[in-house]
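Given only the sequences and the hints, what does the whole structure look like? Please build it.
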Amino acid sequence: MQPQNNNLHVFRILFIIKGILSLLLSLLPVIYFFIGTWMLTSQVQTDQHAGLAGGIMMVVGGFIFLFLLALGIVTILAGKYIGEHKRYTFVLVVAILNCLTGILGILLGIFSIIELNKPEVKELFAKNRV
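So the number in my numbering is just where the residue sits in the sequence shown, counting from 1, plus 957.
FYI, nobody ran anything at the bench for these hints, they're computed from the structure.
Don't take each hint at face value.
[Stated by the list, open to error] Computed spacing ranges between beta-carbons, pair by pair:
(1) Leu1064 to Gly1019: 36 to 44 Å
(2) Ile1030 to Ile1067: 18 to 26 Å
(3) Val1050 to Thr998: 33 to 41 Å
(4) Asn964 to Ile1030: 39 to 47 Å
(5) Ala1010 to Glu1072: 40 to 48 Å
(6) Glu1072 to Val1017: 29 to 37 Å
(7) Lys1043 to Ser999: 49 to 57 Å
Quick caveat, the model's predicted, so the values are computed rather than measured.
Glycine included, each C-beta is placed from N, C-alpha and C at the ideal position.
Here it is in structure tokens:
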């Protein structure tokens, strides 16, 4: 068995860690959702602008929560697929999506895109194509 000249095992671990961090980070927008709910249902609602602000906070908090939750799940799945050397396109798309999420996501995305575009890595994924 010849040694692997790629870093896919490292990227598998990094994708799983990034996915878990995204799932944990998705809990922060829930605070905005609950503050918005409180603003809509409490005494603050007597002010029309507070009710509008509460509704906006609920929508934005809910949207960011769902985005980070979905991103965390697909990032963990991409880490799983990297370990299995399957679903090249899915892993590449998730790497691109991670470029939208701060410095950690940008670094992980760029370096994984570079690694995934190496010919030997493409061949490795092509062997396991289902």
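Results for each hint:
| no. | hint | result |
| --- | --- | --- |
| 1 | Leu1064 to Gly1019: 36 to 44 Å | violated (28 Å) |
| 2 | Ile1030 to Ile1067: 18 to 26 Å | holds (22 Å) |
| 3 | Val1050 to Thr998: 33 to 41 Å | holds (40 Å) |
| 4 | Asn964 to Ile1030: 39 to 47 Å | violated (24 Å) |
| 5 | Ala1010 to Glu1072: 40 to 48 Å | holds (44 Å) |
| 6 | Glu1072 to Val1017: 29 to 37 Å | holds (34 Å) |
| 7 | Lys1043 to Ser999: 49 to 57 Å | holds (50 Å) |
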